[in-house]
Amino acid sequence: MRAAATVSSVGRLAGGPSLTRAAAVLGGATLLLTAVLVGAVAIGSVGVGLGETAAILGRRLLGLPLAETWAPAAETIIFELRLPRVLTAMLVGGGLAMAGTVFQALLRNPLADPYIIGTAAGASLGAVTGIVAPLLLPVLAIGAGTAWLGIGLVQALAFAGGLGTVLLVYAVARAHGRVPVVTLLLTGYAVSSVLAAGVALLMFASGRALGAVFSWLMGSLAGASWPALGFAAPLLGLSFALLLPRWRSLNLLLLGDSAAANLGLDVEREKLILTMLATLATSAAVAVSGTIGFVGLVVPHLLRLAIGPDHRLLLPASVLVGAALLALADLGARVLGGVPVGIVTALLGAPFFLYLLRRSRGTATVAAA
Amino acid sequence: MSPPLLELAGARYAYPLQGGGRRPVLSDVTLAVQRGELVALLGPNGSGKTTLLRLLTGALRPDAGEVRFDGRAAHAWRRDALARRVAVLPQQLELPEGFRVAELVAMGRTPHARALFGSSADDERAVERALLDADALDLAQRPAGELSGGERQRVLVAMALAQEPELLLLDEPTLHLDLAHQVSLLSTIRRLRGQRGLTVLAVLHDLNLAAAFAPRLIVLSGGSVAADGAAATVLQSALVRRVFGVEVAEAFTAAGGRHLALAGMERAVSPPAAERA
Amino acid sequence: MAPRLRASLLVPLLALALLLAACRVGSTPSVQPSFTPASPSATATTVASFPLTLTDDAGRAVTIPAEPQRIVSLAPSNTEIACALEACDRLVGVNDFRDSLPDDVLATLAQVPDVATFSGVDREKLVAQQPDLVLAAGNELTPSADIAALADLGLPVLVLYPETLDEVYADIELVGRAIGQDEGAASLVDGMKADVVALTDRVAGSSAPRTFYEVGVYEGVIYTAGEDSFLASLIGLAGGEPITGDAVTTAIQLEDLVAADPELILLGDAAYDPSITPDAVAARPGWEGMAAVTGGRVVPMPEDLLITRPGPRITEGLEILARAIHPEAFD
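Chain order of the listed sequences is S, P and Z. Residues 1 to 369 (the numbering used here) are what the first sequence spells out, left to right. Residues 1001 to 1277 (the numbering used here) are what the second sequence spells out, left to right. Residues 2001 to 2331 (the numbering used here) are what the third sequence spells out, left to right.
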């Protein structure tokens, strides 16, 4: 009898991922993240024992009354160098992966990444200006080392550049109160091209700082510190807190604008909110890490292959997995002697993604047609 | 006395054109739909049927005149408040890959959603009932990408039902269906109207199907209402000739319904007024 | 100091180098730090009053709590300064670029780990050495992010970036004060000044040839001494009239070089690349008409690092320059 069948499947009929499935996915991702956290803090160019690492963290983070059997240098390495760097990597990786997920759904474009509508170009111009300007105008050099709100000139300009560029692109692309996706993409491309020319010009004049510029453009977590983390964490935390509950909007946008509107979404307003929150996350991430590629593009695809397109699960999972992957990639970068992490993500991540793509040929990898 | 559920009074709308200027679509539409009515909206291509639906959902705002839902201007409603009372069944919908049918139907609950992440018992009941009422229960666990045309249409009906609307707007829902599925869909809609007390306004193409489906027909032509009334009074060959520019013969079905038959290809007359304009 | 743009100007090369560095590091064992305190140096000749606060070349106030016993040098020039001030045995970490360091310095540093490369500082290794003073270089030779990070850890980081001979003297004296070797620094500087006077006296009176110092040529872009740069001033001191490039990029356009018509071309890059010869220069399109080329005065430099490294041996570099510009004065 139909009614009996109905009753027995009530839990799943509501359409969401079942509670156990969600718990399995998010629990697994959290476990992965924890394992990466421990591993990434324990491993570095200087060997500090695992037990010692745990003891240092226990004392500093949990306030455990452990005797200091280790050298002060070991504590500095674990607590002042590695831990803020690993946490920054996680925050940045989570932010980029989440922003990538949002943009792929918002723009219904499988090639969308967090940088697609100008964030990267704007942040790059800001950061490179911050790196090069003190060399050209020595008066700035005096202040370049001083931190403002926990960040330096480079981070401040990168953040402002990313956010400002997207605001500009959005304003330019707006017509009749609407922002068509294609116009937004093309405007972002055009504005990015102009800014990229500015970056190239500054690079030409950068002299010795070219190494620093290059490292920033490739994306590097070498600048990570507690103060920088203190700047990025609240911004990224805010964007997580405001974006994760908007999973319904993202799902609806996959149905198309008019269907989403008929289901009660104020489409243009929601698109603006989503764009700005994702850009806030991206700009904060980029400010402390440079333009790390690949994570924001591929983690959403990878997870869609693994757990499906429902943003209720996809959004938090992309935060967790993006965090774990970038921390892992940065561990690789550190072990490889300070290579910019962006090189590692592209060098190792892209082939892995290709492998996954080939294995899953025929199944959907795209947010929507 | 409560106002009609739907009301248009002297509604006018013209689309803005890219090079500037505007293309008028609705010049002066006045009509009202009462609660519980089942109405089919007919008219040739370009007569303004879809525009009228978009005015009713508040997606467009009339240049002049009034478009009211439950006594209040449609565009003045909050989108989610309107979506709790009005559902739209589109011609077709590109169903995003990777979702199961139950997940898609649950999206219909969005305007009612309260919890940040979870779904309420109400939501689960509504989804289940929607699947059941739309004859889509057996599709619940199927991937949305693997459905046939008829199955997709059932899923869309279930999505609309999950909204638990008072008013169901149908935008040529039979366009991509064969005859059997057309009949099946429309009979489902009629049944649902009875079960759920829905008010239904359906844009349809096929005059005979519309006549069999709805007790009241409204015909749009050239941006205004050309006829509005019971099928028997509306489906006159003179009206069809005037509005569609096609010569038809009137007939009666065995059940006593009025029926129109195409008189022949060569008898077609000049294109309708709307397309000449 | 002439900006050495060789490796850093070419992004692809840099990327390649980074990859090579990555491969190389795989074979480097992770250093287990010996957390044993260093024995206090017995070589301190002056007892300066610590703690003291100094202002470095980046304008930063640096406080040094006690006479440093564990010093990290992040640039070869700083290493040479420290060693010339008899603090070589206090160095506990250096830059991995050890080319052209004096032999005795190399021997002393044989067991001292590298804590920095041209691309950056390995902060963990540096911290593991438990330094009490870090000698960094300015103008991104030590990345400013590293300077900021190390300073944030509470390490005294002294940034040295001399851009004239006088600033080299000042920096030697600065380091002298920082490590309690004020007198040693004063006598070192006095000796250098005397050497410079002797050299400039020697070339005085000769006419100054228009001198072009080639730092490198990459993809058609010619790099030389920048306008008002350290290298340009050294050429002037050595009795030449420097032909300079842009102050920022240190590049000079070929047509500007042709118009400047150098009477003497010094091939600094020949010290690294044996394929750069006077014949090769003469064969370059556009170069054949320059006075230096037609007059046979294109000179490969035997040494470039001594000239471009702003350390205590800069006077030796000055002599090499003077000999190349005025060989007749040294006959």
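Don't read these hints as lab results, they were simulated from the structure. It is possible that part of the hints are untrue.
[Stated by the list, open to error] Computed Cβ-Cβ distance ranges for the label pairs, DEER-style:
| no. | chain 1 | residue 1 | chain 2 | residue 2 | range |
| --- | --- | --- | --- | --- | --- |
| 1 | S | Leu136 | P | Tyr1015 | 50 to 56 Å |
| 2 | S | Ala197 | Z | Gly2205 | 24 to 30 Å |
| 3 | P | Val1183 | S | Arg174 | 54 to 60 Å |
| 4 | Z | Arg2098 | S | Glu68 | 31 to 37 Å |
| 5 | S | Ala241 | P | Ser1120 | 54 to 60 Å |
| 6 | P | Pro1215 | S | Leu19 | 16 to 22 Å |
| 7 | S | Leu238 | P | Ser1120 | 24 to 30 Å |
| 8 | S | Leu238 | P | Ala1115 | 55 to 61 Å |
| 9 | Z | Pro2051 | S | Leu136 | 53 to 59 Å |
| 10 | Z | Gln2253 | S | Met276 | 29 to 35 Å |
| 11 | S | Ala241 | Z | Thr2063 | 38 to 44 Å |
| 12 | S | Met276 | P | Leu1116 | 41 to 47 Å |
| 13 | Z | Asp2261 | S | Leu167 | 40 to 46 Å |
These numbers come from a predicted model, not from an experiment. Backbone N, C-alpha and C fix where the C-beta goes; we use that ideal spot for every residue, glycine too.
Each hint, compared with the structure:
{"no.": "1", "hint": "S:Leu136 - P:Tyr1015: 50 to 56 Å", "verdict": "holds, 53 Å"}
{"no.": "2", "hint": "S:Ala197 - Z:Gly2205: 24 to 30 Å", "verdict": "violated, 52 Å"}
{"no.": "3", "hint": "P:Val1183 - S:Arg174: 54 to 60 Å", "verdict": "violated, 45 Å"}
{"no.": "4", "hint": "Z:Arg2098 - S:Glu68: 31 to 37 Å", "verdict": "holds, 36 Å"}
{"no.": "5", "hint": "S:Ala241 - P:Ser1120: 54 to 60 Å", "verdict": "violated, 22 Å"}
{"no.": "6", "hint": "P:Pro1215 - S:Leu19: 16 to 22 Å", "verdict": "violated, 47 Å"}
{"no.": "7", "hint": "S:Leu238 - P:Ser1120: 24 to 30 Å", "verdict": "holds, 27 Å"}
{"no.": "8", "hint": "S:Leu238 - P:Ala1115: 55 to 61 Å", "verdict": "violated, 21 Å"}
{"no.": "9", "hint": "Z:Pro2051 - S:Leu136: 53 to 59 Å", "verdict": "violated, 35 Å"}
{"no.": "10", "hint": "Z:Gln2253 - S:Met276: 29 to 35 Å", "verdict": "violated, 46 Å"}
{"no.": "11", "hint": "S:Ala241 - Z:Thr2063: 38 to 44 Å", "verdict": "holds, 41 Å"}
{"no.": "12", "hint": "S:Met276 - P:Leu1116: 41 to 47 Å", "verdict": "violated, 20 Å"}
{"no.": "13", "hint": "Z:Asp2261 - S:Leu167: 40 to 46 Å", "verdict": "violated, 53 Å"}
Violated hints for the displayed structure, listed by number in ascending order: 2, 3, 5, 6, 8, 9, 10, 12 and 13.
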